[in-house]
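Peer 1: Take a look at the letters that make up each chain.
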Amino acid sequence: MSKTPIYLDYSATTPVDKRVAEAMIPYLTEKFGNPASRSHSFGWEADDAVENAREQVAALVNADSKEIVWTSGATESNNLAIKGAANFYAASKGKHIITVMTEHKAVIDPVRELERQGFEATFLEPEPNGLVDIAKFKAALRPDTVLASVMLVNNEIGVIQDIEAIGNLCRANGTIFHVDAAQATGKVEINLEKLPVDLMSFSAHKTYGPKGIGALYVRRKPRVRLEAQMHGGGHERGFRSGTLPTHQIVGMGEAFRIAKDEMALENARIRRLRDKLLAGLSEIEEVYVNGDLKQRVPHNLNISFNYVEGESLIMAVKDIAVSSGSACTSASLEPSYVLRALGRSDELAHSSIRFSIGRYTTEEDVDYTIDLLKTKIEKLRELSPLWEMFQEGIDISKVEWAAH
Amino acid sequence: MAYSDKVLDHYENPRNVGALDKNDDHVGTGMVGAPACGDVMKLQIRVNDDGIIEDAKFKTYGCGSAIASSSLVTEWLKGKNLDQAMTIKNSDIAEELALPPVKIHCSVLAEDAIKAAIADLKQKQAA
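Chains as they are written, first to last, in the working numbering: chain A, 1280 to 1683; chain B, 9 to 135.
Incorrect hints may appear among the rest.
To be verified - Below are the DSSO-like pairs computed for lysine-lysine, each with C-alpha atoms no more than 27 angstroms apart in a straight line:
| id | chain 1 | residue 1 | chain 2 | residue 2 |
| --- | --- | --- | --- | --- |
| 1 | B | Lys86 | A | Lys1677 |
| 2 | A | Lys1658 | B | Lys86 |
| 3 | A | Lys1677 | B | Lys30 |
| 4 | A | Lys1573 | A | Lys1282 |
| 5 | A | Lys1658 | B | Lys65 |
| 6 | A | Lys1653 | B | Lys65 |
| 7 | B | Lys123 | A | Lys1677 |
| 8 | A | Lys1653 | B | Lys86 |
No wet-lab data here; the hints were simulated from the structure.
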């Protein structure tokens, strides 16, 4: 019997791996020096730790450690990359930006901010499976497209975009290419020596590291320039000022080292669990998987349960910690914008659940979840007039509803 | 998302879930709301020859407050005549269930469902 609530929200955040926590602790107490202190061993010791972690982060994505800039997390990395590159290159290249409707808000909002500053943005609509059509991306490129930003792995539906193909188009067009990889590290192979990517954002806490630390990859060959967003002591070669949080950085380094060493085995185990969960939930009638199933990380399963309402569904499954496509705290029922962009109806978008599986998920957790969903969906459908109509063969989309 | 104990009780143990024969002359059916808005309520009442509501059943697609509102009105409706049923106000429902402001529309929908069921019944009986 699993201990409830069962955590199935690893895409929201992950627990810090105990090995990571252990590596961090000495840098809070004994080895507390400021890595920018050049005049004594406290500083040198901290600096060594920071540089070691930089190597570990670079190693996971096959980059040079000099290409890694520490930030407070993926949101800051995205802001630095998008605003920093757009503003630096606008004068020479132009003021058009391409991104995708299903990006994280930490990409969409910086782009919106640039629009307010006079940039023009194209938000590409993905295909119904969540993937960007490469031909449509190509058609959106213009001579003045200064920047494109496309995420590697989607946070809600887990689909993997064809970053290589998109990057090649950007290269040919002289467009800077940024990739948000917050959800990708430890889940998919990333080889920045080979990938045509200029800027890539990382987060520690999605990969069993601590919250509050992230990194931005900034390509050196060919060299990518950025306008700093945080000014001060000139840390991180002027890209991002602020005293480096040594313990957080050590944690991110150790977390990424573990990810590199254990990724292959871990992903195979997680895939087995996900496939089991999918098989179990597929025994329920009228369920729909959101997003492509093949071009997808094994950790994610996003499913809509037709004819049950999203908020009552979340109430019904309070023994599992999952994310919902329905923002139930807001007065205006606003379904997931990601699922809406895939063309899902409001009803299906509302009644979706994102299950995200991780390092500590067990087979018992998955069995429990399948049983819970089967029972609760049956109960809610017993209550649902829409389910009754569906059973009677009435096409609900053809009914004239009185909107209220 | 803090639900009152009464909402949780109705959500966990909904009263009078089910369906009555919608073709029966003594049965009135009200269906209100829309799937795209996140709530659909179906309320049915059956009256005896004296015009007293003998039975009430509901099915609701909606949040916990919507389920609780419709479950509660099925309890309230039984034993009332149609005029008494028409006096049930959304504010009574909201008060009984301690609904927060964002959930008031659930009680409004439940009141609408009562009126729609009664209107359907009267239309049938006039025919």
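Peer 1: Now, for every hint given, state plainly whether the structure supports it.
Peer 2: Status of each hint after checking the structure:
no. : hint                  : result
1   : Lys86/B - Lys1677/A   : violated (33 angstroms)
2   : Lys1658/A - Lys86/B   : holds (24 angstroms)
3   : Lys1677/A - Lys30/B   : holds (20 angstroms)
4   : Lys1573/A - Lys1282/A : violated (31 angstroms)
5   : Lys1658/A - Lys65/B   : holds (16 angstroms)
6   : Lys1653/A - Lys65/B   : holds (24 angstroms)
7   : Lys123/B - Lys1677/A  : holds (24 angstroms)
8   : Lys1653/A - Lys86/B   : violated (33 angstroms)
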